[in-house]
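*Asks:* Below, each chain spelled out in residue letters.
Number of protein chains: 2
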Amino acid sequence: ASRTPARGLATAKAPPSLFASLDTFTNRHIGPEDSEVQHMLKQLGYDSVEAFVADTVPPKIRVAENDISDESIPSLSESQLHNRARELAKANKPVKSYIGMGYHNAVVPPVILRNIMESPAWYTPYTPYQPEIAQGRLESLVNYQTMIMSMTAMDIANASLLDESTAAAEGMVLAFANSKKRTFVVDSGVLPQTLAVLQTRAKGFGIKIVTGDASAVLKDEAVRADLCGVLVQYPDVNGSIKDFGALAQEVHGLKALVVCATDLLALTMLKPPGEWGADVVVGNSARFGVPAGYGGPHGAFFACIDSLKRKMPGRLIGLSRDTQGKPAYRLALQTREQHIRREKATSNICTAQALLANMAAMYAVYHGPEGLKRIAGKVHALTQVLKVLVERLGYTVINADFFDTLTVDVTGSAKNASAVHDAALAAGVNLRRIDDKLVGLTLDESVGIEEVIKLANVFATAASKPAVSPLQLPPIESAAIPSSLQRTSQFLPHPVFNAHHSETQMLRYIYHLQSKDLGLEHAMIPLGSCTMKLNSTSSMIPLTFPEFSNVHPFAPKDQVDGYLEIIKELEEDLCKITGFHACSLQPNSGAAGEYAGLSVIRAYHESRGEGHRDICLIPVSAHGTNPASAVMAGLKVVPVKSLADGSLDLEDLKAKATKHKDNLAAFMITYPSTFGVFEDGVTDACSIIHENGGQVYLDGANLNAQIGLTNPAKCGGDVCHMNLHKTFAIPHGGGGPGVGPICVAEHLAPFLPTHPVVPVGGDKAINAVSGAQYGSASILLISWAYIKMLGGTGLSDSTKAALLNANYMAHRLKDHYSLRCKNKNGRVAHELLIDLSEFDRAAGLKVTDFAKRLQDYGFHPPTCSWPISTCMLIEPTESESLEEIDRFCDAMIAIRREAEDVITGKQPKDNNILRNAPHPIHILTQTDAEWNRPYSREKAAYPVPWLREHKFWPTVSRIDDAYGDLNLICDCPTVEETASHSA
Amino acid sequence: ASRTPARGLATAKAPPSLFASLDTFTNRHIGPEDSEVQHMLKQLGYDSVEAFVADTVPPKIRVAENDISDESIPSLSESQLHNRARELAKANKPVKSYIGMGYHNAVVPPVILRNIMESPAWYTPYTPYQPEIAQGRLESLVNYQTMIMSMTAMDIANASLLDESTAAAEGMVLAFANSKKRTFVVDSGVLPQTLAVLQTRAKGFGIKIVTGDASAVLKDEAVRADLCGVLVQYPDVNGSIKDFGALAQEVHGLKALVVCATDLLALTMLKPPGEWGADVVVGNSARFGVPAGYGGPHGAFFACIDSLKRKMPGRLIGLSRDTQGKPAYRLALQTREQHIRREKATSNICTAQALLANMAAMYAVYHGPEGLKRIAGKVHALTQVLKVLVERLGYTVINADFFDTLTVDVTGSAKNASAVHDAALAAGVNLRRIDDKLVGLTLDESVGIEEVIKLANVFATAASKPAVSPLQLPPIESAAIPSSLQRTSQFLPHPVFNAHHSETQMLRYIYHLQSKDLGLEHAMIPLGSCTMKLNSTSSMIPLTFPEFSNVHPFAPKDQVDGYLEIIKELEEDLCKITGFHACSLQPNSGAAGEYAGLSVIRAYHESRGEGHRDICLIPVSAHGTNPASAVMAGLKVVPVKSLADGSLDLEDLKAKATKHKDNLAAFMITYPSTFGVFEDGVTDACSIIHENGGQVYLDGANLNAQIGLTNPAKCGGDVCHMNLHKTFAIPHGGGGPGVGPICVAEHLAPFLPTHPVVPVGGDKAINAVSGAQYGSASILLISWAYIKMLGGTGLSDSTKAALLNANYMAHRLKDHYSLRCKNKNGRVAHELLIDLSEFDRAAGLKVTDFAKRLQDYGFHPPTCSWPISTCMLIEPTESESLEEIDRFCDAMIAIRREAEDVITGKQPKDNNILRNAPHPIHILTQTDAEWNRPYSREKAAYPVPWLREHKFWPTVSRIDDAYGDLNLICDCPTVEETASHSA
Ligand SMILES: Cc1ncc(COP(=O)(O)O)c(C=O)c1O
Ligand SMILES: Cc1ncc(COP(=O)(O)O)c(C=O)c1O
Ligand SMILES: O=C([O-])O
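Sequence order for the protein chains is A and B. If you number the first sequence the way our numbering does, the last residue is 983 and the count never jumps. If you number the second sequence the way our numbering does, the last residue is 1983 and the count never jumps.
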């Protein structure tokens, strides 16, 4: 039973040539070996993979066998991929950027680079929905929240958003939701990409954006009367630092909110926005040790005043306690999440940027407040030096106050801005292009005095003056920050930011936290709808090549040939895979993709004079982001019923489509369905929509079940998003990053989003949906590598293996649990939905009880209570081996037997091995009297023999959610709390 | 109390300039912060670091304050180091080598690269002397042993040796020790570097090496009469595969041993040496996924027949059981170790190559037998293709049989060998330089058909013939291996080599093993004499740059400018640090350095006509490798007594030196002493030796206590070795790699070792001591980076912090334990020795009981029972923070109180919390009846509060060593054993 290159999965494969590469990725990516595939087929009663697939996927949507094959997408071996990635890395020119505009050259502390960004223990886990096996990441995210709260002086902060621009958009929508008024003022100092994203977002909500100097604009009565909020940038895009205190008072007087976009490093020296009246503070935390990466991924932050906390978008981590009273973290106020609020949501944020937030938080932990002050102090001082040097050359710096950014009027000394940019490029540096007269530059932590002199010499050259002497540096005595705006309050006094400053301490802290968390490096994470497949090392390695890390998104195009080639290839491959015509990689998450796709549909209707079309049909079984995205795109959601077996009610669909045919904009459908079945009716459903003038949006969360067998175009869709962080192997990072590109049919291609700084997209493009033109560009490398290494045949084989694994699992579980949905041949798709309601009825056992008990068996529970509250949705993916799948099924079956003991009364309903799960170690050390349970410690800890060798221990017992929500605490303990706690 | 750049440690430091780099390494490397330094000084009663140092280090050996400072060794920040390393990487030319001679281009599976080679969990632990917290590495090393046994078909194999050449030398010495005869035949097919190392090693033992065709040589009666063994290479250096079966029979008839050097990949196709009569089999396992690295480090293997097992050098891992009967691995037959056998030892091997052995073993786990066969099959087939192509061009391949290596007589087609080498260099490849007529080349896993065509075209160019057509490739039908020498036996049938073939499975296996092990990522490892300091990420990162990994040690010098610069800088810095004149980086371990240094001393005496000097004085307190190395260098060991306080008995030294003055060769001394004290008498001791014609060898294991304060030259030494894996931060890798360079005074410089292929060393050089001219060249990068980042001031500060940490610890423990040694001011050096004999007397509690109980407290125990059997030797290093040191002291003090309970009879002598330690989790789940101990589970698991949060769990209870040695099992379970076990 060995792993040979010719796999049972491939429909027909010649024996490998003597000359073929041996490090073929497919063999490493797919879990089951040949013999295991045969075993599973046999159990299911098939004699070939093809026969199995034929029963699983409706024939009418099948694409040709060779549609996605090594002919259409040739495969590279792991070493070939590595060589190609190096080649493309070299194709990016190593020009250092001082462009600023929200993106900096970060210095990643090596201990964080290697042990977080490059560590599967940190990048493979999912969102910490199972807090008992996620206390490490949860603590780190609380550090992040605390850091943001402390730096901004705000009451509460969330655990990251997608990027600064969308965070600002969330701020705008919050202001709108808060007051219901419709005018939102964007100060002229705001980043252009943020303005663009706001403009896109304003559309759906009917918000009116007014731009200009905020104080001036506020003189306008019409604005005053309808004002919901104001957005300012602090320091602004040109580097100026303005006092917005009076403005804030005025805005508050109008019962509107002040949203402030800011910079964490500057806040070490600047009076924090919370101290001058900001209500919402947003920004990018990437300069705290996260590489620029050609635009992302970066953790954006969102903080607000206490009274807004229950309206705050995104995930919030809070402290609660477990059944033993031990403090424990978990996602707080989850009822706010969009999957609950659906069309009442004002945000669709789901996947965020947990990994990058963790990196930034760790950066603050490692440097501490003093270290951050030193870094900021140096950046600021060097900027002052540069200012003097540039002024000595006869240039005019137009911003008197600044932290790290200068805007230079070049006309006094150089011919024009081009002359300066030419000199810059000749010296190997990029400056910010503003206009013919003005040039901008922003310094950062990576800059030393040598670089400052180099920059000054760029200006000297452009002025045809002699080079600057390094001996004539001006002394720097005080900060170039108005004294009223200098920070006087302390920040980050919490012990965690003042304890781990040697590398040894830092390393141990990182490992201490990760030891509490269950990621893919430990066991299967069979989260339905999440596709927790292998995140291969080969695909992760290029990500941290400096040639990919240190690239500014607004660097001139001729410096990024490597990136552009990867982007082109990825777009092409995604089009082949979806059957669509064009692709936008801009959206930073699945939900952002939904929003982008629906916005494209709206633009399409508008272009045809049908801008009134605003009805969006969405099945009740849809993921909560679907209705939320629809609302954000300005659509009205009309739910479509499901039949008893979970499938779409085509009658209801037809009725509603017909009823709304004059205003029908779109239909959103997930395929295979969120219940995990390939429904026959999908093409009919699409036809119904098209006949009634609507467009079909296909939610690609389940694309893993389609590749090579069918595709969204073939199913009848017009647009789909993909979750590159599910189907295309970007690691989930504990809750992000993600990428949610959209692919569209030809008629929609003109509307793909553009960008105000670097134009991309179609020729009738909607405005930007993300801050960077290619969103989280650097991690596109991962999906690119994944696709290139598998090649078309490997991709198709992976789909088949995913289907087979799920069906085998369904087969093993079906006699023990009630399988909620299957197709007429008895087949599920790539995931299965089991219904546990019978246990509630018989013994009061809930889904959660089964989930927590699975933790005791060493597994991450499947998706719980979604899409049906009494169900578990289980998705093994193609990467799991038969052995692991069998272990999981054995565990499920064993738990089923344990439940039987409760049903039969052997164990009481209120004190049994499921209800009391999970069982962390400190419970096992209790005395017999304390233990007091109708089962042994042994049974609690080692219910099956393989746990003796493979046990993963939850670190807390079951967590009390309600307690935490009532007593909301979302930041780290202070010195005093720590002291009183340990006393 | 924050980490500011101006540290209390630095004698005088200007406030950092605004322009200074902020990512200064010293602040990350040294554990205690300023305020902690002040706290410790205060506890010790000093008001300055200088006052403390003055009391600790004897004034007469102090060097000037600025001897080692940022003037003598400027410091680079972490990013500057990174940039410099990239620059030097680029200075190595990317020429692909086909030179062979025991070194190959390895393909490191990315999952192993990132999760083992780049993972602190694998590279930071020490030798698994504490098996209860090292079961992961132990299992992996057993996999290695099993792999070697199975591939070679030998009865037993050890857990690695330093390199193939020294392994062959160990084989020779074993043969000599086995028969006491003195003639050893080295076949002409043996690698030249191995012959050189054998010649060096033969000298000390008085072995006579005879070279030539082994069968021919054996016709000589004198050889037959005195034969102890024969070394053959299989396949040989030219690629030929000879049948040594008859030779083996003949050698056995002479009661001598056959030592075979071989190649693991070839053994997938060749009849293994164990099947044709080899007694000892050695080789390099690096082509199993370990980079060439300009010569190393690589895991060498050593396997032998059962009857030789108790004479086998090196560490051996064996299976035993714990107190619960649970199977558990540990170091077997430890009584063989050189620290016990001392001058009776025939080997001095101590640090080996555990990390590289683990990588090779994991490679076999990942590929499995079928994968290995496919790799070998491809290499062999491509070699056959190349042979045909080369022959078509009119060349003659002189070896008819081969696996992967061809030796080509070029005279038929090209002018001479130079013409071929010129063409090769022009094409960017290196071939093996043999002589004017012959050219050699060796293929490996990294080679594809494109490379083969490129190579053929090199020959075409040299022959002025047209390029080879890729379309005219010959078909390959059968192996070019004599059928009698083809392998028919199976290999690696064990489950572990047939289970983890997907990346997901492999990743989990790696993490599963590492979860059992305590490395520096978890807690302090205060192993006295081992200096377990921070292994910084910055110093590790360059190691895996491809420009450093993929370099053959015999590549032409003009291709390795980057390496040569690093080597030069490191040699210079080490000379500055030791006060010596010249350096050799060749020795692969501390013990190898001792041997090299003593050999240099012998050569020096010989050069002065005093070759008869053969007495080596060694204190009884010396490390076991000292006498072993002396014996290997042909010296007679005369022990020197210690005084009651552990210090050197100068009277005895004088008496013995005088007595042996006509034959005195050397004196070996460790400084500070192995008892952890700076003795005043060191300079007097050295004078005594010099007055009597001897040379002083300083064992540098404790150099961490000297740097910047004193140095071996100042102490009066003539030569010293350093353990770069201790003092200079190369990670210990779980038992290697190491580097043991020697520095020597000017008069010894001419004798530094050379190398037969790439000449290095002095002009009267001794022959090679390692297979590669610079030993484990790639990891020199780590020490280079360490020194460059700290700079001289940081190095000196580190020494001071190491001394302070140890003295603070001594201060905290002294009222609870009896401190064995201190100087007249009450100061210890960088480590402290505590004596536990009182507990044995009072309550039968041994050192081991305290050590195992420390595991329960989450700590790796200190060095136990060395240099005194009743003692613990504790070394915190400079990298530990006050907090960690206090936690450790608290634990020691708490255990002292637990011991009191036994002394007072509260807990019985045979059933108490120390004797029963450690307490793994599965013991805590016992019922009260089974538990049956006079203390609670709670007390066993969480004796102090911080363990609730920071517990590291031993995975087995105490291991029965005697049982394992009686029932020696050193390989993995077979399919049958696994089946019966789980049944
Ligand atoms: C069906 C479905 N649609 C959309 C999403 C949203 O994707 P994202 O979390 O990337 O925003 C999810 C996320 O799990 C999902 O399962
Ligand atoms: C004092 C002393 N000398 C020599 C050695 C041998 O060094 P190595 O293990 O590198 O061979 C050691 C190793 O621990 C040691 O402690
Ligand atoms: O992340 C989800 O809500 O599935």
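Note that these hints are calculated values from the structure, not bench results. Take these hints with a grain of salt, some might be off.
[As the list claims (entries may be wrong)] In silico contact screen, one side only, chain B against chain A (beta carbon under 7 Å); selected entries:
id, residue
1, Val1108
2, Pro1110
3, Lys1242
4, Asp1243
5, Arg1341
6, Glu1343
7, Ile1375
8, Ile1481
9, Tyr1511
10, Leu1819
11, Asn1823
12, Leu1924
13, Thr1925
14, Asp1928
15, Glu1930
Since the model is a prediction, treat every value here as computed from it, not as a measurement. In this text, a Cβ means the ideal position worked out from N, Cα and C, and glycines have one as well.
*Asks:* Each hint: holds or not?
*Replies:* Quick rundown of the hints versus the structure:
With its C-beta approaching chain A no nearer than about 10 Å, Val1108/B sits outside the 7 Å limit, and its interface hint is violated. A hinted interface residue such as Pro1110/B counts as satisfied when its beta carbon comes closer than 7 Å to some beta carbon of chain A; here the least separation is about 4 Å, so the hint holds. Among the interface hints, the one on Lys1242/B is violated; its C-beta lies about 26 Å from the nearest C-beta in chain A, farther than the 7 Å criterion. At about 27 Å, the closest approach between the beta carbon of Asp1243/B and any beta carbon in chain A exceeds 7 Å, and the interface hint on this residue is violated.
This hint is violated: Arg1341/B has a C-beta 36 Å from the nearest C-beta of chain A, more than the 7 Å allowed. Because the beta carbon of Glu1343/B sits about 39 Å from the nearest beta carbon in chain A, more than 7 Å, this interface hint is broken. For Ile1375/B, the shortest C-beta to C-beta distance to chain A is roughly 6 Å, which falls under 7 Å, so the interface hint holds. Because the smallest distance between the Cβ of Ile1481/B and any Cβ of chain A comes to about 16 Å, over 7 Å, the interface hint for this residue is violated.
A cut of 7 Å between beta carbons decides the hint on Tyr1511/B: the least distance to chain A is about 4 Å, and the hint holds. Nearest Cβ of chain A to the Cβ of Leu1819/B: about 26 Å, over the 7 Å cut. The hint is violated. At its closest, the beta carbon of Asn1823/B sits 28 Å from a beta carbon of chain A; the interface hint therefore is violated under the 7 Å criterion. Restraint check, Leu1924/B versus chain A: the minimum CB separation of about 5 Å is within 7 Å; hint holds.
A least Cβ separation of about 4 Å between Thr1925/B and chain A falls short of the 7 Å threshold, and the interface hint therefore holds. Against a cut-off of 7 Å between C-beta atoms, the interface hint on Asp1928/B holds, since the closest Cβ of chain A lies about 5 Å away. With a cut of 7 Å, the hint placing Glu1930/B at the interface with chain A is violated, because the nearest CB-to-CB distance is about 9 Å.
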